[in-house]
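Asks: Build the full structure now, drawing on both the sequences and the hints.
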Amino acid sequence: MKPSHTQTHVTERLWQSVPLLLLFLVASLVLIPLAVVLSSFVQSEPEVWAHLRQYVLPSVLWNTGGLLLGVGLGVLLLGVPLAWLTAVYEFPLRRWLTWGLMLPLAIPAYVFAFIAVGMLEYTSPLQTWLRGLGFEQGLPSVRNLTGASVILSFAFYPYVYLLARSAFLSQGQRLMEAGQMLGRTPLQAFGSIALPMARPWIVGGLLLALMETLADFGAVSVFNVDTLTTTIYKSWFALFNLNAAAQLAGLLAIGVLGLLWLEQRARAGRQYSVGISRVQRKRLTGWQAWAATGGCLLVFTLAFVIPFAQLLWWSASVWQVDLNARYWGFASRSLLIAASAALLVTLFGLLLAGVRRQYPNRAVGLLITASTVGYAIPGAVLAVGVFIPLAWLDGQIVSLLQGWGFDGRQFLVGSVWVMLLALAIRFLAVAFQPIDSQMQRIRRSQEEAARLLGASQGEVVRRVHLPLLKTGLLTALLIGFVEVMKEMPITLMTRSYGWDTLAVRVFEMTSEGMWERAALPSLLIVLVGLLPVVLLIRQTEK
Amino acid sequence: MRYCRILFGATESDFTSMNQIFKMTVVTSAVLALLAGCSKPADEQTPPDTASTAATSPAAKTIVVYSSRNEQLIQPLLSQFTQETGIKVNLITDKEGPLMARLKAEGQNSPADLLLTVDAGNLWQASQEGLLQEVGSSILTQNIPANLRDPANQWFGLSVRARTLVHNPDLVKASELSTYEDLADPKWKGKLCLRSSKKVYNQSLVAMLIDHHGEAKTEQIVKGWVANLATDVFADDTKLIEAIAAGQCGVGIANTYYYGRLEEKNPAIKAKIFWANQATTGVHINVSGAGLTRYAPNPAQAAQLIEWLSSDQAQNAYSNEDKEYPVLASVAVSPQLKAWGDFKQDPINVAKYGELQTAAVKLMDRAGYK
Numbered sequence: 001m002k003p004s005h006t007q008t009h010v011t012e013r014l015w016q017s018v019p020l021l022l023l024f025l026v027a028s029l030v031l032i033p034l035a036v037v038l039s040s041f042v043q044s045e046p047e048v049w050a051h052l053r054q055y056v057l058p059s060v061l062w063n064t065g066g067l068l069l070g071v072g073l074g075v076l077l078l079g080v081p082l083a084w085l086t087a088v089y090e091f092p093l094r095r096w097l098t099w100g101l102m103l104p105l106a107i108p109a110y111v112f113a114f115i116a117v118g119m120l121e122y123t124s125p126l127q128t129w130l131r132g133l134g135f136e137q138g139l140p141s142v143r144n145l146t147g148a149s150v151i152l153s154f155a156f157y158p159y160v161y162l163l164a165r166s167a168f169l170s171q172g173q174r175l176m177e178a179g180q181m182l183g184r185t186p187l188q189a190f191g192s193i194a195l196p197m198a199r200p201w202i203v204g205g206l207l208l209a210l211m212e213t214l215a216d217f218g219a220v221s222v223f224n225v226d227t228l229t230t231t232i233y234k235s236w237f238a239l240f241n242l243n244a245a246a247q248l249a250g251l252l253a254i255g256v257l258g259l260l261w262l263e264q265r266a267r268a269g270r271q272y273s274v275g276i277s278r279v280q281r282k283r284l285t286g287w288q289a290w291a292a293t294g295g296c297l298l299v300f301t302l303a304f305v306i307p308f309a310q311l312l313w314w315s316a317s318v319w320q321v322d323l324n325a326r327y328w329g330f331a332s333r334s335l336l337i338a339a340s341a342a343l344l345v346t347l348f349g350l351l352l353a354g355v356r357r358q359y360p361n362r363a364v365g366l367l368i369t370a371s372t373v374g375y376a377i378p379g380a381v382l383a384v385g386v387f388i389p390l391a392w393l394d395g396q397i398v399s400l401l402q403g404w405g406f407d408g409r410q411f412l413v414g415s416v417w418v419m420l421l422a423l424a425i426r427f428l429a430v431a432f433q434p435i436d437s438q439m440q441r442i443r444r445s446q447e448e449a450a451r452l453l454g455a456s457q458g459e460v461v462r463r464v465h466l467p468l469l470k471t472g473l474l475t476a477l478l479i480g481f482v483e484v485m486k487e488m489p490i491t492l493m494t495r496s497y498g499w500d501t502l503a504v505r506v507f508e509m510t511s512e513g514m515w516e517r518a519a520l521p522s523l524l525i526v527l528v529g530l531l532p533v534v535l536l537i538r539q540t541e542k
Numbered sequence: 543m544r545y546c547r548i549l550f551g552a553t554e555s556d557f558t559s560m561n562q563i564f565k566m567t568v569v570t571s572a573v574l575a576l577l578a579g580c581s582k583p584a585d586e587q588t589p590p591d592t593a594s595t596a597a598t599s600p601a602a603k604t605i606v607v608y609s610s611r612n613e614q615l616i617q618p619l620l621s622q623f624t625q626e627t628g629i630k631v632n633l634i635t636d637k638e639g640p641l642m643a644r645l646k647a648e649g650q651n652s653p654a655d656l657l658l659t660v661d662a663g664n665l666w667q668a669s670q671e672g673l674l675q676e677v678g679s680s681i682l683t684q685n686i687p688a689n690l691r692d693p694a695n696q697w698f699g700l701s702v703r704a705r706t707l708v709h710n711p712d713l714v715k716a717s718e719l720s721t722y723e724d725l726a727d728p729k730w731k732g733k734l735c736l737r738s739s740k741k742v743y744n745q746s747l748v749a750m751l752i753d754h755h756g757e758a759k760t761e762q763i764v765k766g767w768v769a770n771l772a773t774d775v776f777a778d779d780t781k782l783i784e785a786i787a788a789g790q791c792g793v794g795i796a797n798t799y800y801y802g803r804l805e806e807k808n809p810a811i812k813a814k815i816f817w818a819n820q821a822t823t824g825v826h827i828n829v830s831g832a833g834l835t836r837y838a839p840n841p842a843q844a845a846q847l848i849e850w851l852s853s854d855q856a857q858n859a860y861s862n863e864d865k866e867y868p869v870l871a872s873v874a875v876s877p878q879l880k881a882w883g884d885f886k887q888d889p890i891n892v893a894k895y896g897e898l899q900t901a902a903v904k905l906m907d908r909a910g911y912k
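Those protein sequence lines, which keep their order, are chains B and X. Using the numbering used here, the first residue of the first sequence is number 1, and each one after it goes up by one. Using the numbering used here, the first residue of the second sequence is number 543, and each one after it goes up by one.
Please note that a few of the clues may not be correct.
Per label pair, the in silico range of CB-to-CB distance [claimed, not checked]:
1. X:Gln675 / B:Tyr327: 36 to 42 Å
2. X:Gly789 / B:Thr185: 53 to 59 Å
3. B:Thr146 / X:Gln855: 50 to 56 Å
4. X:Pro889 / B:Trp313: 44 to 50 Å
Covered stretches of chain B (chain X as the covering partner; in silico rule of three or more C-beta atoms under 8 Å from a C-beta of chain X) [claimed, not checked]:
5. 136-147
6. 310-319
7. 367-380
8. 393-402
9. 406-417
10. 484-497
11. 507-513
Hint data in this document are derived by calculation from the structure and do not stem from the laboratory. Just so you know, even glycine gets a beta-carbon here, dropped at the ideal spot from N, CA and C.
Replies: Below you can see the structure in the form of structure tokens.
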């Protein structure tokens with residue numbers, strides 16, 4: 001992208017190098033915690049590793065692989081067909097179901113887990129009732145790998161749903177019409193045209209779901225499934241060995257990085273851009289319409305209505321005791337932090353996506369991919385990785401300031417910036433995936449046309465990229481907001497006094513086994529998280 | 543000028559709306575971010591309305607407590623302390639691991655005065671990592687028995703939690719029960735329920751067994767337990783006790799205060815406590831406790847808090863509200879706890895649990911106890 005001859009101004013050149021500098025700044029911020037985690041390899045822990053290798057890792061790796069496979073299949077089977085139906089067809093209740101199917105995003109995975117176990121375990125009202133009817137066997141136990149896969153699929157399919165829907169909405173009808181003219185049935189056209197064109201989105205959503213599964217600790221603990229993450233925590237908390245825990249986390253990060261890089265390579269060289277991206281919905285009739293409505297309603301009920309109803313039920317029994325003026329504070333702080341972190345992470349994501357498009361070479365690509373790996377690392381470990389360098393830096397700043405009369409002990413660390421930074425690092429993937437996928441849709445020819453008409457690089461970004469990225473940006477903001485609302489370990493560890501949020505309340509209750517009392521703050525998290533979902537729908541509905 | 547026109551005065555309709563929305567979002571979020579970064583958080587620690595007679599003198603301080611004991615359990619005590627002494631307490635809660643990592647990373651600049659945990663193993667680990675300092679206090683050495691505090695006086699147990707057998711009297715008679723070790727016997731096959739090995743309470747229990755019997759025998763015992771399990775291990779004690787009451791299992795091992803909470807809600811609960819090992823070593827006990835952090839900015843006030851927590855009033859609250867046993871021998875337990883009867887406690891120094899914790903965890907892995 002060379003500047004036109006009339007603009008070989010020095011400032012233009014400097015301005016052009018700003019994105020790359022910003023990239024390095026953001027990447028270094030994000031990569032420092034990873035570097036801290038990986039630096040744990042300097043000191044080896046042979047005893048712990050010998051024990052883990054022999055007694056723990058075989059079953060744990062098997063479980064983790066099985067869980068990834070199960071959740072991967074689950075979110076694809078749920079997310080892609082639902083996205084297709086609601087993007088391309090018209091059937092009864094579609095408008096309403098479109099946003100309804102996104103709502104499970106607002107419910108944290110660990111809340112799903114304790115609701116599922118609470119509703120389906122031996123002592124639950126349901127099972128007790130079944131036993132009363134004479135079914136001694138009752139329902140099969142849900143606290144195993146299968147149960148965890150199913151519940152996590154319901155919890156995470158919105159990622160695939162959101163991103164795939166974005167793809168299907170923006171791909172336009174021309175390709176499908178061309179396919180059908182050449183003799184394909186709608187289903188064949190879907191499989192051979194729409195799916196491949198939507199690949200970056202679908203794979204992006206799938207990767208988000210899988211990374212979140214890897215990093216999850218709360219839900220798998222409730223299900224009693226031992227994964228790599230529970231082993232990381234075991235090494236840290238039980239075996240008193242943070243170093244071994246960091247080494248495991250480092251291996252996890254490298255594995256995820258490898259996976260992401262493979263995906264990049266497979267995607268390289270393909271074009272996903274589309275000329276006109278308006279879609280006219282096709283109205284379904286007869287049994288097809290009712291089947292579509294029925295299928296969507298079923299998923300909506302299972303994934304949202306039932307958990308929400310259970311939360312309401314449990315909250316109803318405790319709200320008179322627990323709900324007090326403090327909850328306003330919790331809710332407003334959750335909102336504040338979520339909004340700020342979402343904005344920060346979307347800006348970072350936009351920057352990375354833009355730079356990736358601008359400099360499509362391997363090194364930059366790898367750097368950017370590495371920046372998004374934080375999503376797969378267990379929250380508490382990432383928090384430590386962020387905290388250690390920040391605390392060190394803070395120590396230096398404080399000793400400097402003490403020379404000028406500063407009498408506090410902490411400067412950065414006591415403020416909310418540490419939390420925002422750690423959250424931005426963790427959720428960078430979530431903002432990056434939608435924006436990057438959407439970038440793929442912008443044709444180079446559109447940019448080049450703008451340049452030919454005299455636009456500078458900045459104008460190209462503002463007048464060509466940003467409007468076309470609207471959906472991607474809003475998706476990034478939405479998911480970022482909801483993710484931060486739900487997040488627990490980083491919030492717990494990096495907060496300073498007075499910054500308790502709703503997620504912290506949930507932690508207080510669940511760590512003592514007070515599940516009913518945990519339902520109240522969980523319900524509030526869901527309700528507050530619903531706001532951006534509704535906002536997003538109104539923006540993307542054409 | 544041109545850029546401004548584009549940004550604020552766009553003529554095309556679709557990016558008017560996009561720009562407006564984006565502008566709004568950016569401005570709102572920027573304002574929020576600024577507020578977040580610059581705002582002082584609301585003071586959570588407002589003392590109760592009843593007039594505090596304690597002097598809020600110019601010397602009144604604020605101490606910072608890092609606690610793995612949950613907010614709803616410890617806050618009432620801390621509020622009482624503030625009411626009596628005028629010293630405000632800022633509480634930050636989290637799991638023990640992150641708290642200790644945080645203390646370590648903060649180092650000399652840590653604002654924390656006190657570390658509170660719910661078990662002895664983590665307190666031992668904290669002192670091993672050099673995160674605590676010694677408190678020379680005759681009040682503490684008087685109030686707290688020697689086996690419930692650190693021999694080097696870096697941490698102090700403040701309440702005792704007993705981990706003993708809970709059984710369903712319809713399925714398992716009290717006369718059939720005796721010891722933890724006996725639960726490994728094949729006669730209990732399909733009747734035993736246990737909590738996950740991931741929770742520190744079970745790790746401390748196995749550490750105690752290792753101290754008494756050595757690793758080889760303890761491994762046999764744990765393997766026996768695993769073979770007798772009626773169902774998968776539970777994620778928490780409350781669900782375990784409920785399962786026992788519902789008849790899913792005959793007997794299990796749980797902390798007495800979880801039982802106390804359930805019994806308070808439902809006095810007719812179909813589960814009863816049985817004091818294990820009365821003829822042998824005594825019931826396994828653990829402590830929740832506190833240690834003064836090494837770089838505490840207000841060590842005197844923090845030590846004052848620990849002393850207050852070991853005194854009559856706080857010890858009574860531990861018993862009446864939290865259903866735990868006091869460390870202070872002169873305090874009478876609540877009627878509910880009294881009804882459970884007296885029992886012999888294992889006299890081992892609780893610091894041992896920390897020393898043997900890694901061995902216990904590895905042993906549980908080898909025995910297949912998840």
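Asks: Next step is simple, just say for each hint if it's right about the structure.
Replies: Structure-based check of each hint:
1. At roughly 38 Å, the beta-carbon separation of X:Gln675 and B:Tyr327 lies within the given 36 to 42 Å, and the hint holds.
2. One distance hint, 53 to 59 Å for the beta-carbon pair X:Gly789 and B:Thr185, holds here, with the actual separation near 56 Å.
3. Checking the proposed 50 to 56 Å range against B:Thr146 and X:Gln855 shows it holds: the Cβ atoms sit about 51 Å from each other.
4. A C-beta distance of roughly 47 Å is found between X:Pro889 and B:Trp313, which places it inside the suggested range of 44 to 50 Å.
5. Coverage of a stretch by a chain is defined here by at least three residues with a beta carbon nearer than 8 Å to that chain's beta carbons; for the segment 136-147 of chain B and chain X the count is 3, and the condition holds.
6. Coverage of the segment 310-319 of chain B by chain X is violated [criterion: at least 3 residues with CB-CB distance below 8 Å; count 0].
7. Only when three residues or more bring their CB closer than 8 Å to a CB of chain X does the claim for the segment 367-380 of chain B stand; here the count is 1, and the claim is violated.
8. Counting residues of the segment 393-402 of chain B whose beta carbon lies closer than 8 Å to any beta carbon of chain X gives 3, which meets the minimum of three for the stated coverage.
9. A count of 7 residues in the segment 406-417 of chain B with a Cβ less than 8 Å from any Cβ of chain X is obtained; the coverage claim is therefore met, three being the minimum.
10. Three residues within the 8 Å Cβ limit are the bar, and the segment 484-497 of chain B against chain X gives 6, so the coverage statement holds.
11. Figure legend: the segment 507-513 of chain B, annotated as covered by chain X; annotation consistent (6 residues with Cβ-Cβ distances under 8 Å, at least 3 required).
Checked against the numbered hints given earlier, this structure breaks hints 6, 7; the rest are met.
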